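The task is simple: from the sequences and hints, build the whole structure.
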Amino acid sequence: MHHKLFYITTLCASSLFFSQIQKVEPAFWWKGMKNPELQILVYGKDIAKNEIELSDGVQIKDIQKVENPNYVFVTVNTNEINVPKFKINIKNGKKNVSSYTYELKQRNPDSSNRESYSSKDVMYLIMPDRFANGDEKNDSSPNLTEKANRNLPNGRHGGDLRGIINNLDYIQNLGATAVWLTPVNEDNEKVYSYHGYAQTDLYKIDERYGTNEEYKELSQKLNQRKMKLVMDYVTNHWGVSHWMIKDLPTKDWIHWFSNGENGFKRSNYKTTTQFDTNASEVDKKLALDGWFDTTMPDINQKNPLVLKYLTQNAIWWIEYAELGGFRVDTYPYNDKEAMAKWAKAITDEYPNFNIVGEAWLYSSAHIAAWQKDSKIAELANYNSNLPSVMDFMLYSDLPKALKEKDSRDSGMVKLYNVFTSDFLYPNINNLLVFFENHDTERFNEVFNGNPAEYKLAMTLISTVRGIPQLYYGSEVGMRGDKNKGGDADIRRDFPGGWKSDKTNAFNPSSQTPEQKEFYDFTQKLLNWRKGKEVIHTGKTKNFVPQNNVFVYFRYNEKESVMVILNNNDAEQTIDVKHFAESLNGFSKGKDIISGKEFPVKDNFKIPAKSSMVIELN
1 MHHKLFYITT
11 LCASSLFFSQ
21 IQKVEPAFWW
31 KGMKNPELQI
41 LVYGKDIAKN
51 EIELSDGVQI
61 KDIQKVENPN
71 YVFVTVNTNE
81 INVPKFKINI
91 KNGKKNVSSY
101 TYELKQRNPD
111 SSNRESYSSK
121 DVMYLIMPDR
131 FANGDEKNDS
141 SPNLTEKANR
151 NLPNGRHGGD
161 LRGIINNLDY
171 IQNLGATAVW
181 LTPVNEDNEK
191 VYSYHGYAQT
201 DLYKIDERYG
211 TNEEYKELSQ
221 KLNQRKMKLV
231 MDYVTNHWGV
241 SHWMIKDLPT
251 KDWIHWFSNG
261 ENGFKRSNYK
271 TTTQFDTNAS
281 EVDKKLALDG
291 WFDTTMPDIN
301 QKNPLVLKYL
311 TQNAIWWIEY
321 AELGGFRVDT
331 YPYNDKEAMA
341 KWAKAITDEY
351 PNFNIVGEAW
361 LYSSAHIAAW
371 QKDSKIAELA
381 NYNSNLPSVM
391 DFMLYSDLPK
401 ALKEKDSRDS
411 GMVKLYNVFT
421 SDFLYPNINN
431 LLVFFENHDT
441 ERFNEVFNGN
451 PAEYKLAMTL
461 ISTVRGIPQL
471 YYGSEVGMRG
481 DKNKGGDADI
491 RRDFPGGWKS
501 DKTNAFNPSS
511 QTPEQKEFYD
521 FTQKLLNWRK
531 GKEVIHTGKT
541 KNFVPQNNVF
551 VYFRYNEKES
561 VMVILNNNDA
571 EQTIDVKHFA
581 ESLNGFSKGK
591 DIISGKEFPV
601 KDNFKIPAKS
611 SMVIELN
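Residue numbers (this note's numbering): 1 to 617.
Worth flagging that the hints you see were computed from the coordinates, not collected in a lab.
Being a predicted model, the structure only gives us computed values, none of them experimental.
Any given hint might turn out to be false.
[Claimed, not checked] No more than 27 angstroms apart at the CA atoms, straight line, and that leaves these computed lysine-lysine pairs for DSS-like:
(1) Lys524 <-> Lys605
(2) Lys577 <-> Lys605
(3) Lys588 <-> Lys541
(4) Lys588 <-> Lys455
(5) Lys405 <-> Lys31
(6) Lys246 <-> Lys265
(7) Lys49 <-> Lys375
(8) Lys137 <-> Lys502
(9) Lys590 <-> Lys120
(10) Lys577 <-> Lys405
(11) Lys85 <-> Lys31
(12) Lys221 <-> Lys246
(13) Lys31 <-> Lys147
(14) Lys285 <-> Lys302
(15) Lys285 <-> Lys375
(16) Lys246 <-> Lys49
(17) Lys344 <-> Lys31
(18) Lys120 <-> Lys499
(19) Lys216 <-> Lys49
(20) Lys226 <-> Lys502
(21) Lys270 <-> Lys284
(22) Lys120 <-> Lys221
(23) Lys284 <-> Lys216
(24) Lys216 <-> Lys265
(25) Lys532 <-> Lys558
(26) Lys590 <-> Lys532
(27) Lys204 <-> Lys405
(28) Lys216 <-> Lys226
(29) Lys524 <-> Lys120
(30) Lys502 <-> Lys532
What follows is the structure in structure tokens.
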């Protein structure tokens with residue numbers, strides 16, 4: 001009898017133990033959101049087999065149990081909750097098995113009207129692991145598999161959030177006003193997870209970068225400087241080591257291919273199938289549901305629980321970290337109807353919030369279809385609600401244009417042709433313009449470290465419509481060969497970010513002459529751009545390139561700027577009569593790059609392989 005009683009007691013104790021709350025997501029929320037509905041994920045062993053009760057008279061609007069008994073999804077209306085904290089109680093009969101104190105915080109004043117990045121900004125893209133090591137104590141973590149090893153090109157090098165915070169003066173002085181970090185959430189894969197795109201916890205900053213509090217500190221310190229933090233958000237895939245992937249709430253949380261190994265089947269990467277009216281279902285399915293890699297299960301946004309989870313997580317980070325925008329990875333690989341709901345939910349909550357989607361496509365029509373209110377997408381009865389897209393056409397054709405000799409279809413005409421498609425975009429000023437990023441060949445490698453080519457490209461992206469984006473290190477001439485060294489080589493450590501570095505490019509006085517040439521040009525151009533409304537929102541007039549010289553004007557009612565890009569190996573004469581319609585009424589100009597003033601009534605010369613940005617008076 002005694003033994004039997006002991007057995008029953010033990011059994012009860014173990015069942016109580018197993019029903020403990022292990023995770024609650026989101027861990028807390030805020031009062032006063034426009035959408036008062038909140039869905040709380042409660043996780044613990046066999047938790048769904050118990051009753052759930054909320055304290056302080058808080059009403060449960062809906063409880064959703066799924067095929068995995070370790071999950072319960074509890075919905076409440078936050079408008080109806082009048083206490084700052086309440087308990088989530090797990091009950092087995094009358095017995096309280098486990099409790100979690102849930103907090104509804106007060107929002108910052110005017111949080112919903114927060115400013116976001118726009119064409120007034122210049123975005124600086126950083127891979128945190130490769131920028132600067134501000135805290136050597138977090139280089140490795142006992143809780144995370146991969147340890148720091150700077151000798152491994154693909155390994156963790158120790159860069160972190162503190163390193164970025166320590167170098168905010170550098171970024172600000174350069175002229176950047178928004179900072180986009182590749183993902184910094186926990187990415188606890190076994191090897192080579194420094195890139196951050198295989199996240200294993202969507203609510204936690206990776207310990208090797210720092211803490212949630214440090215991430216918030218970075219954002220606040222940027223905001224104090226009138227700068228913005230842009231989060232790289234990944235909706236398409238998670239890491240295979242994500243705690244939810246290891247214990248799926250539902251089988252259809254991810255896309256599973258029964259004829260693939262462990263559900264894996266690689267995407268065919270043909271996202272043009274999204275708007276192809278003649279696309280086969282098999283190709284479309286493989287493009288959208290296929291995985292990027294064996295370590296990156298493809299998330300199923302069609303599942304309403306998944307979509308709710310991703311939406312709330314995105315809003316949580318905006319509110320918690322006081323973010324100034326998103327960049328969303330691999331946008332066209334997602335379910336497009338679900339993503340339209342996701343983008344709308346965020347922009348309904350924050351009407352000024354900017355989100356740029358990575359739509360890596362090579363036709364302006366395909367890219368434009370992904371921007372909010374696109375007339376092209378409307379033909380397919382679709383609206384993405386996505387405010388901004390990346391100008392991959394310009395990225396693709398810019399190096400070709402600079403490398404080619406002048407002809408009817410080559411050289412600078414290629415650039416002109418890109419801009420002739422501007423009418424396709426519903427919001428042309430809200431395009432991200434760039435000549436490289438963390439996935440592409442380094443521009444300075446393509447042009448063998450030639451500062452003249454860099455200056456031409458930099459002049460262009462700084463003066464055309466849209467939001468210029470600069471990749472860390474390019475402004476000091478950094479190179480990297482993707483063809484030889486893979487991704488690691490285009491993601492080298494910034495010189496001066498580690499105590500042992502021989503040169504420190506963060507300090508203009510210790511830059512090498514080569515670094516200084518790149519830096520001084522970039523700094524001058526970007527700081528000039530800051531106050532130039534005519535560049536941010538002005539109209540454009542393009543002139544068809546002649547003799548491999550591209551001339552365009554940016555103008556509004558108050559001012560006019562003439563931009564000249566000479567892609568020749570010889571000096572060229574500018575025939576002012578040809579540009580009379582844009583030069584009429586102006587007698588002189590000042591080239592902001594050289595600082596020279598000169599009359600614009602007479603023809604003038606522009607040196608070989610150079611640019612001029614002329615303020616007209």
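Each hint, compared with the structure:
1. Lys524 <-> Lys605: holds, 22 angstroms
2. Lys577 <-> Lys605: holds, 14 angstroms
3. Lys588 <-> Lys541: holds, 19 angstroms
4. Lys588 <-> Lys455: With Cα atoms ~24 angstroms apart, Lys588 and Lys455 stay inside 27 angstroms; holds.
5. Lys405 <-> Lys31: The hint is violated at about 61 angstroms.
6. Lys246 <-> Lys265: Judged against 27 angstroms, a Cα distance of about 18 angstroms means the pair holds.
7. Lys49 <-> Lys375: Violated, at about 50 angstroms.
8. Lys137 <-> Lys502: holds, 22 angstroms
9. Lys590 <-> Lys120: At roughly 22 angstroms apart (the allowed maximum being 27 angstroms), Lys120 and Lys590 satisfy the hint.
10. Lys577 <-> Lys405: holds, 25 angstroms
11. Lys85 <-> Lys31: holds, 11 angstroms
12. Lys221 <-> Lys246: violated, 37 angstroms
13. Lys31 <-> Lys147: Outside the cut-off at roughly 40 angstroms; violated.
14. Lys285 <-> Lys302: Since the Cα atoms of Lys285 and Lys302 sit roughly 13 angstroms apart, the hinted pair holds (cutoff 27 angstroms).
15. Lys285 <-> Lys375: holds, 25 angstroms
16. Lys246 <-> Lys49: holds, 20 angstroms
17. Lys344 <-> Lys31: holds, 20 angstroms
18. Lys120 <-> Lys499: Judged against 27 angstroms, a Cα distance of about 35 angstroms means the pair is violated.
19. Lys216 <-> Lys49: violated, 37 angstroms
20. Lys226 <-> Lys502: Cα-Cα ~33 angstroms, so violated.
21. Lys270 <-> Lys284: holds, 8 angstroms
22. Lys120 <-> Lys221: Holds, because 19 angstroms separates the two Cα atoms, which is no more than 27 angstroms.
23. Lys284 <-> Lys216: Violated, at roughly 39 angstroms.
24. Lys216 <-> Lys265: Violated, at about 37 angstroms.
25. Lys532 <-> Lys558: It holds: about 11 angstroms lies between the C-alpha atoms, which stays within 27 angstroms.
26. Lys590 <-> Lys532: Answer holds: Lys590 to Lys532 is near 15 angstroms, not above 27 angstroms.
27. Lys204 <-> Lys405: violated, 51 angstroms
28. Lys216 <-> Lys226: holds, 15 angstroms
29. Lys524 <-> Lys120: Since the Cα atoms of Lys524 and Lys120 sit roughly 16 angstroms apart, the hinted pair holds (cutoff 27 angstroms).
30. Lys502 <-> Lys532: Status violated; Cα separation ~38 angstroms.
The structure fails to meet hints 5, 7, 12, 13, 18, 19, 20, 23, 24, 27 and 30 from the earlier list, while all remaining hints are met.
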